[in-house]
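2 protein chains.
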Amino acid sequence: MHQTFDLGINLLHVNQDGADHNRAHFDQWGITCFNLMSSPGAGKTVLLERTLAALSNKYKIAVIEGDMTTELDAERLRKYDVPVIAINTGRSCHLDSKMVAGGLHRLSHEYNPNDFDMVLVENVGNLVCPAEFEVGEHFKVALLSITEGEDKPLKYPIMFQEADCLLITKIDLAPYLDIDLQQIEANVRQMNPDVTIIPLSTKTGVGLEAWFTWLTAKL
Amino acid sequence: MHQTFDLGINLLHVNQDGADHNRAHFDQWGITCFNLMSSPGAGKTVLLERTLAALSNKYKIAVIEGDMTTELDAERLRKYDVPVIAINTGRSCHLDSKMVAGGLHRLSHEYNPNDFDMVLVENVGNLVCPAEFEVGEHFKVALLSITEGEDKPLKYPIMFQEADCLLITKIDLAPYLDIDLQQIEANVRQMNPDVTIIPLSTKTGVGLEAWFTWLTAKL
Numbered sequence: 001m002h003q004t005f006d007l008g009i010n011l012l013h014v015n016q017d018g019a020d021h022n023r024a025h026f027d028q029w030g031i032t033c034f035n036l037m038s039s040p041g042a043g044k045t046v047l048l049e050r051t052l053a054a055l056s057n058k059y060k061i062a063v064i065e066g067d068m069t070t071e072l073d074a075e076r077l078r079k080y081d082v083p084v085i086a087i088n089t090g091r092s093c094h095l096d097s098k099m100v101a102g103g104l105h106r107l108s109h110e111y112n113p114n115d116f117d118m119v120l121v122e123n124v125g126n127l128v129c130p131a132e133f134e135v136g137e138h139f140k141v142a143l144l145s146i147t148e149g150e151d152k153p154l155k156y157p158i159m160f161q162e163a164d165c166l167l168i169t170k171i172d173l174a175p176y177l178d179i180d181l182q183q184i185e186a187n188v189r190q191m192n193p194d195v196t197i198i199p200l201s202t203k204t205g206v207g208l209e210a211w212f213t214w215l216t217a218k219l
Numbered sequence: 001m002h003q004t005f006d007l008g009i010n011l012l013h014v015n016q017d018g019a020d021h022n023r024a025h026f027d028q029w030g031i032t033c034f035n036l037m038s039s040p041g042a043g044k045t046v047l048l049e050r051t052l053a054a055l056s057n058k059y060k061i062a063v064i065e066g067d068m069t070t071e072l073d074a075e076r077l078r079k080y081d082v083p084v085i086a087i088n089t090g091r092s093c094h095l096d097s098k099m100v101a102g103g104l105h106r107l108s109h110e111y112n113p114n115d116f117d118m119v120l121v122e123n124v125g126n127l128v129c130p131a132e133f134e135v136g137e138h139f140k141v142a143l144l145s146i147t148e149g150e151d152k153p154l155k156y157p158i159m160f161q162e163a164d165c166l167l168i169t170k171i172d173l174a175p176y177l178d179i180d181l182q183q184i185e186a187n188v189r190q191m192n193p194d195v196t197i198i199p200l201s202t203k204t205g206v207g208l209e210a211w212f213t214w215l216t217a218k219l
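Respectively, the protein sequence lines represent chains E and B.
Just so we're aligned, residue 1 is where the first sequence starts under the working numbering, counting upward by one.
Just so we're aligned, residue 1 is where the second sequence starts under the working numbering, counting upward by one.
In isolation and in its complexed conformation, chain E is listed as follows:
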């Protein structure tokens, strides 16, 4: 999408300044921020549902929920009795640091931000652009549904290079697919040797404890 570079103006630098500003606020408040990214339908929202159900009584959590339109996902998460700030990006294919700054502004006005342990950002479903637009997160979490195939880490390298944690979702479907989980992992490692890889299923619960352990160890 970076025809913008043809104009000699680096919008990524402008975005990065805003991300650094957001991160300074998170640090000041003692909040760890995670940016969850994936293709549409890889299971970000259901993962957040399981995460809030398991952790929201032990940790103070807020969610920033990015969607082009609708508050469908935000409504699902509000049932867990945590602050959910919905950001509609309109025609934009990713959250940017300015949008998230607006969300933090609301959070810090309606609550005491020093009370919070973590902010979970659910980005717009897109395996390309969100990886390039930091929003001030401390950690990037990428989800790849096993249904998407083995080759995606090779074909969409930036997301996999940038991720601190890679969740391979919907592994309950593995018996019905001609897809090799170990090949997915090998392709991810080729892009990013040190990333944490956690295969999981929100349907069976496999892998969720490993995810909660990784997440809370980062606080």
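Please keep in mind that the hints were generated in silico from the structure rather than gathered at the bench.
Just to be clear, a hint being listed does not mean it is correct.
[Stated by the list, open to error] Computed footprint of chain E on chain B, listed as stretches where at least three residues anywhere in the stretch have a Cβ under 8 Å from a Cβ of chain E: (1) 68-76; (2) 111-118; (3) 142-148; (4) 159-171.
[To be verified] Under the rule of at most 25 Å between Cα atoms (straight-line distance), these lysine-lysine pairs were calculated in the BS3-like manner: (5) K60(E) with K79(E); (6) K203(E) with K203(B); (7) K98(E) with K155(B); (8) K60(E) with K218(E); (9) K203(E) with K60(B); (10) K58(E) with K218(E); (11) K203(E) with K98(E); (12) K79(E) with K155(B).
[Claimed, not checked] Each pair of labels, with its calculated beta carbon distance range: (13) V46(E) with Y111(B): 46 to 52 Å; (14) Q161(B) with N112(E): 40 to 46 Å; (15) R189(E) with V14(B): 36 to 42 Å; (16) H109(E) with D178(B): 37 to 43 Å; (17) R106(E) with A101(B): 43 to 49 Å; (18) G205(B) with A54(E): 50 to 56 Å; (19) T213(B) with A54(E): 33 to 39 Å; (20) A24(E) with D20(B): 31 to 37 Å.
For glycine and all other residues, C-beta sits at the position ideal for the given N, C-alpha and C.
Since the structure of chain E is already known, use the hints to place chain B on it.
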């Protein structure tokens, strides 16, 4: 992604001029062009494999294959003995009309473009941006994997509003998912009442004849 509008420069208009130019070439050559778009892993490449296997002896077909990196998909399609022009978009999340113009330039130098009936463009896997950047196609074909869930047409409206044909893929997985195919169709219709909807599975073959019929009827 259109921070670019903040600069007062409408890159979409520049792209549209290029798309109109490409379409004029297609018309002059008697070629019908289809732009296939979806999230990563919805099955665009395997659909093209099935399509080439079924139709490449009856029609003269060329493929323009867009990927950020690698020629993995292009290599899969070259086995079908049709011209496959690979375009690596680098960091760009979609094909644009200028990239496709480069592809047409190669096609028209290496072959007689008047011989061709159709050009199938496989876009970068992304449910957002490709819908806004025409490449000169006559028809937009969107794929939605049934694994992505019922709500995607509501959450990513532009793709579904723009599509002339919507293929719901991987329906062989329906028995293993808590997903209602009729609800997907209803949500698509809410965005685009007149779109052709074809549920299919490249694994079982269900729906492929309907797809071939739709495709060849447009020539």
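The hints, checked one at a time:
1. 68-76: holds (count 5)
2. 111-118: Not satisfied, violated; 0 residues make the cut.
3. 142-148: holds (count 3)
4. 159-171: Three-residue rule not met by the segment 159-171 of chain B, so violated; n is 1.
5. K60(E) with K79(E): The given pair, whose Cα atoms are some 15 Å apart, holds under the 25 Å limit.
6. K203(E) with K203(B): Status holds; Cα separation ~24 Å.
7. K98(E) with K155(B): Since the Cα atoms of K98(E) and K155(B) sit roughly 21 Å apart, the hinted pair holds (cutoff 25 Å).
8. K60(E) with K218(E): It holds: about 14 Å lies between the C-alpha atoms, which stays within 25 Å.
9. K203(E) with K60(B): Roughly 46 Å between the alpha carbons, so the hint for K203(E) and K60(B) is violated.
10. K58(E) with K218(E): Roughly 15 Å between the alpha carbons, so the hint for K58(E) and K218(E) holds.
11. K203(E) with K98(E): Violated, because 35 Å separates the two Cα atoms, which is more than 25 Å.
12. K79(E) with K155(B): 20 Å, holds
13. V46(E) with Y111(B): 46 to 52 Å: For V46(E) and Y111(B) the Cβ distance comes to about 48 Å; the hint holds.
14. Q161(B) with N112(E): 40 to 46 Å: 42 Å, holds
15. R189(E) with V14(B): 36 to 42 Å: Once the Cβ atoms are compared, 40 Å apart, the range 36 to 42 Å for V14(B) and R189(E) holds.
16. H109(E) with D178(B): 37 to 43 Å: 38 Å, holds
17. R106(E) with A101(B): 43 to 49 Å: 45 Å, holds
18. G205(B) with A54(E): 50 to 56 Å: 42 Å, violated
19. T213(B) with A54(E): 33 to 39 Å: 49 Å, violated
20. A24(E) with D20(B): 31 to 37 Å: The hinted range 31 to 37 Å is violated for A24(E) and D20(B), with Cβ atoms some 47 Å apart.
The structure shown violates the earlier hints numbered 2, 4, 9, 11, 18, 19 and 20.
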